[in-house]
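Visitor: Residue numbers (our numbering), protein chains in the order written: chain A, 1 to 279; chain B, 1 to 312.
Just so you know, the hints here were simulated from the structure itself, not pulled from any lab data. Any given hint could be a false lead.
[As the list claims (entries may be wrong)] Partial pick of chain B residues on the chain A-facing surface, computed with a CB cut under 8 Å:
id, residue
1, L176
2, P246
3, Y247
4, T249
A quick note: this is a predicted structure, and the numbers were derived from the prediction, not measured. Ideal placement from N, C-alpha and C gives every residue a C-beta, glycine not left out.
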Amino acid sequence: MSSARSSAAAAVAVALGVARCSPDVTLPTPPNQAQTAALVAVYQMPTATLDPSTIDKVLADALLRLADLHLDFLPDLISNLLVAVQRRVDEGGLSDNPATRVDESRAQVSASIEVHRICPGWSDPAGPPDEAQNGALDMTVIVDTGRLNPELWGTATACKLRVPPAGTASATASAISVVTPPVVNATLDGTLIVYDLGPLPQTAGEAQFLLTFDGMITIDGQTKSLSFDFQVQNGSIAFRLPVDGGDAIVTVGSTALGIRGANASYSCDLATQTCAPSP
Amino acid sequence: METGRRGLAAGARRAKRQGVGRITRGAGWAGAAAGLLMSSIVHAESVTTTTTTTTTREVLPAAPPPTAEPPTRLDERTAFTVPKHTLKIGVLAFDYGFAQGAQVGSDPPAWLVRAFTSVLVPNLHVKVQVLRLDPVWVAVQAAAYYADISSDVSGQLLDVPLTAWASFKLTDHFFLHAEGTYVYVHAFGTGNITRASLAGSAASQAVQGQLMAQLQLSRVVSFTALGRYQIYTGEVAFSGSGTVDPYTTATAQGRLMLPVSHPWEAIGGIALLWKHFHAIVGAGYGYYFVPGLWVANQERTFVPDAELAVLF
Chain A
1 MSSARSSAAA AVAVALGVAR CSPDVTLPTP PNQAQTAALV AVYQMPTATL
51 DPSTIDKVLA DALLRLADLH LDFLPDLISN LLVAVQRRVD EGGLSDNPAT
101 RVDESRAQVS ASIEVHRICP GWSDPAGPPD EAQNGALDMT VIVDTGRLNP
151 ELWGTATACK LRVPPAGTAS ATASAISVVT PPVVNATLDG TLIVYDLGPL
201 PQTAGEAQFL LTFDGMITID GQTKSLSFDF QVQNGSIAFR LPVDGGDAIV
251 TVGSTALGIR GANASYSCDL ATQTCAPSP
Chain B
1 METGRRGLAA GARRAKRQGV GRITRGAGWA GAAAGLLMSS IVHAESVTTT
51 TTTTTTREVL PAAPPPTAEP PTRLDERTAF TVPKHTLKIG VLAFDYGFAQ
101 GAQVGSDPPA WLVRAFTSVL VPNLHVKVQV LRLDPVWVAV QAAAYYADIS
151 SDVSGQLLDV PLTAWASFKL TDHFFLHAEG TYVYVHAFGT GNITRASLAG
201 SAASQAVQGQ LMAQLQLSRV VSFTALGRYQ IYTGEVAFSG SGTVDPYTTA
251 TAQGRLMLPV SHPWEAIGGI ALLWKHFHAI VGAGYGYYFV PGLWVANQER
301 TFVPDAELAV LF
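The shape of chain B in the complex, shown without the other chains:
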């Protein structure tokens, strides 16, 4: 009843605003009563009338139905990429989404090697999503790392990891990301081939596979567990010739070999993926693979996994 009275009063106010009241003005109580009656009747009609009037007078767009913002995808070690026209500045990689499902970037750690050795390692990678059929995504990446290992003898090293990822959304909260990587390494000349090694390891021809499970608890929080295994380890072959002194020339050919043929790592972690900030922290055990280069350390140790990135 109370609701009905408020409705009647409101109807009267609306009727008055819309001129309905003017019909009853000066007609006495009977007229007023009739006006109220009319008002209630007009109120019933004015729902439609009012809507129409408002629409035509204020020209406001209809509010879109609230839709859930798509969750931020984990774009590292998966078939997902940095969103279009987004710059991602991370500790392990700088990436820019230059198109939908396509990104280009570089790895700062490889550049930072220069701070500890005399070797400069310029590098670039391009990742392209070749299949986007929810719940399956496939992406490929080509990267290139170049190192000048010349000493008195000229030598260069080229490391080209070629990677393919397939990401599967098994449920709304559970993803499986499979990865296959072929690392092609070629040495030009001989140089000081030992400068191609880092902490006892070195880039070498390799085939690696990785499987990562991602349990997405919320839009932001995911738990991850991954295993990586080097299926094949090759050798880096090198050859070259040079002049030692006016009387002496020398030709060298050889290979660089790694003591561990099948390094592996297992890592568990958490990924916090806000729209403009990504944080990944994990820990595991095995042979640490240098991200990007995918060069495996030659000793089994604690394996850290961390990435912090800001997205613009």
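So that you can see chain A by itself, here it is in the shape it has in the complex:
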């Protein structure tokens, strides 16, 4: 009897011990969730009322804003980051689509994934990438009860990149960049929120997202503090432009800009810098 009692006590002790050792996993809360969701809604339904008499000024503001967005390298940087995230999420057998329908009768995974990506750098020396030299991007992705949260967030720390990418012979336009740039050396420091507008991409060209950036970008030694957002969807890029207390959405094309308001849409020719209502 004594042996039985001691065996039972040992079993209970082991059980309690291992139960206490189980790690407590708490998912982090994405920052600015409500604001980001509201921003996504604005891109779908602009709130600015466009006045035909002031549309030329709106176009001028859009062109000024366009210069700060660094569409020559930022879309590619984020798209490639999302491809890496997709690879990791897929390897874990997790959902890579925020629109996934979850079967609630099955076991579900909740997870947070921290992705650390060394930036491309200004040069491409042989050997593994040097984080101290190139800087890095750190992003957090969460899968909540089987569903990918569309919001990814993180920071860029002295993240260096070159346009065109180091190692390429000439300035070749990327899959989704619309501005063919001169060679620039850029450094990013700041916070990023990426909102997935579709499944995580397997290639950079498939990426669909909304990016908000708040921080500093240094181009060829000149640092500028910036706060902006833009959207990449279906191969085109659009950004938000405050207009008279509302927000217009400007779609970037190679020869024209589209400006959408709550009441009207315009197509503006970049060569002539004139706008005309569009259907």
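Once you've looked at the hints, dock chain B against the given chain A.
Guide: For chain B alone, coordinates are given in the frame of chain A:
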């Protein structure tokens, strides 16, 4: 009277065989009559004499009194074990009684998972009876199931059900078997954690209790009724890191959760326990618990219960 005559004749034959007849041989009718008389007297004595002679001449052991063969015990979900030096090959488990009240075995169904998925689940269990005080028996079992759930990312899963049974013989024909199980699950690395799930369910930390009544109608036939309930359901936590490409590393941590916190099942059945063959058939309702792993299905369904085993 007839019996007496047969007894006298037999006595005479025995007396003759034993030489008593030689005393009367050649002594005439009187002698014969006297011989018969003597024979009957000697017969009375020869019961003892004969017994003694037989014992000394043939050296046969005394036949043991016939004893009833002990009934075959139900060793599944009870505190009983496979008999010593007996190999039991069953559909749900292979077991070998390596000592009195101790067995070691493995579950073929877990190995067979490999036939349907890419996951191999080697497993082993050891059951030891720690108390044998008729009418109470207590046994404990430790089992371990290992699954490699690696894909491009390394990951392993360990499922360790620890079980204790107490069997009570309330009457000669009625047993009560109580069971308590703690299922410890640990994930190493991350791997493809969804590969740890099976048909929508998954191994998770759990505490389960079961009560089974056994009505033993005969040495072979028993009726059983059992209820199993998962008192506590935990989560499988996992964490790990890996390299995605030369530029990217990723660290993941998370948990696997089950939608049903307190699955249960109720099963009625019949157990046919011959010495060399066991057959258990039952049916019930609830959340099917995979035997051995004690992973509960996440949908309420018809619950089958069947085991066929041959004992050598």
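Visitor: Each hint: holds or not?
Guide: Verification of the hints:
Because the closest C-beta pair between L176(B) and chain A is about 17 Å apart, greater than 8 Å, the hint is violated. With its C-beta approaching chain A no nearer than about 6 Å, P246(B) sits inside the 8 Å limit, and its interface hint holds. At its closest, the beta carbon of Y247(B) sits 5 Å from a beta carbon of chain A; the interface hint therefore holds under the 8 Å criterion. With 8 Å as the threshold, the beta carbon of T249(B) comes within range of chain A, its nearest partner Cβ sitting at about 5 Å, so the hint holds.
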